[in-house]
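*Asks:* In the order they appear, the protein sequences are chains L and C. Position one of the first sequence corresponds to residue 1 (our numbering), numbered consecutively onward. Position one of the second sequence corresponds to residue 1 (our numbering), numbered consecutively onward.
The hints are simulated quantities; they were obtained by calculation from the structure and are not laboratory data. Relax, there's no trap hidden among the hints.
Coverage of chain C stretches by chain L, computed from C-beta distances (three or more under 8 Å per stretch; other residues unrestricted): (1) 5 to 16; (2) 36 to 42; (3) 55 to 68.
Listed next, the stretches of chain L that the computed footprint assigns to chain C, with coverage defined by at least 3 CB atoms under 8 Å from CB atoms of chain C: (4) 53 to 62; (5) 94 to 107.
All residues carry an ideal CB built from backbone N, CA and C; glycine is no exception.
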Amino acid sequence: MSASAIIFYLISAFILGAGLLAVTTRKIFRAAIWLLFSLVGIAALYFWMQVEFIAAIQIIVYVGGIVVLIIFSIFLTQQSGKEMPKPSTGKTLFSIAAALFGLLFTYQLIDQYGFANNATRPMNVTVGEIGTQMLSTTEHGYILPFEVVSMLLLAAMIGCIVIAMKNNGGNIEEKTGEGSKLMIHTDISSPQNIQED
Amino acid sequence: MSDVPLSHILFVSTALFFIGMYGLFTRRNMITMLMAIELMLNSVNINFVAFNKYLFPDKLDGIFFTIFIITIAAAEAAIAIAIIINLYRSHQSIDVEDATELKF
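Start from the sequences and build out the full structure, keeping to the hints where you can.
*Replies:* Structure (structure tokens):
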């Protein structure tokens, strides 16, 4: 067994161990930290597969973005020292059985299939190559999904703001009663009306 | 690199997917359920990159799918956290058992 294989098995054990702890620990903040370790391990796996660009994206977006967002929302909504209630024994047993069955079934299928190994050929994943193909309009270009996903991101960000915004419009209507519609229109056109109120 | 067979990488991603599924089944807290979903999405990404690397080394399609999945996962996490914060404001709890207004 070469050093590369040993590194792979170490990284995989790290990913799976951290992931298992992230879904089983009963303190929510620890779960977030274990998730962070698992994601860093996955980035290490990408480095091991020599796709450095994806590894960098993984670290920037997941570790720097999503986990920080999750920790932020934990502090907004939870008492982080408190332990979460234990799931009932029946549910735990059912979940373990379902997960083990799925794992064994899927892995048996993978094992029987017998994939060809073409990894001896080198893979050209420089950032320049990825950028050229992503923005090309030829047959294997990804310009259309790129534009669509940019619209999706914009819609998601606006949607987040609208969902999480405090609902001040309702309060104005409650206070002012029947004249509220007129009030809202005048609010937009001339901001001095707010000060008069 | 070449002395680790593809099926071992697929085993890691499959195991990670079912760990995420176990978390999704047992957790009742919305933030931890979101974490389990992130684990499942990441296992799919490992699959895409590994297939691209081992079976089609002269193409880049798996890399692009991974990039788009990461983008969509970021959008999904942002929306989910906005919904969680809104739910916490109205219910003072983010346990899925407490939000039962739409339950038949």
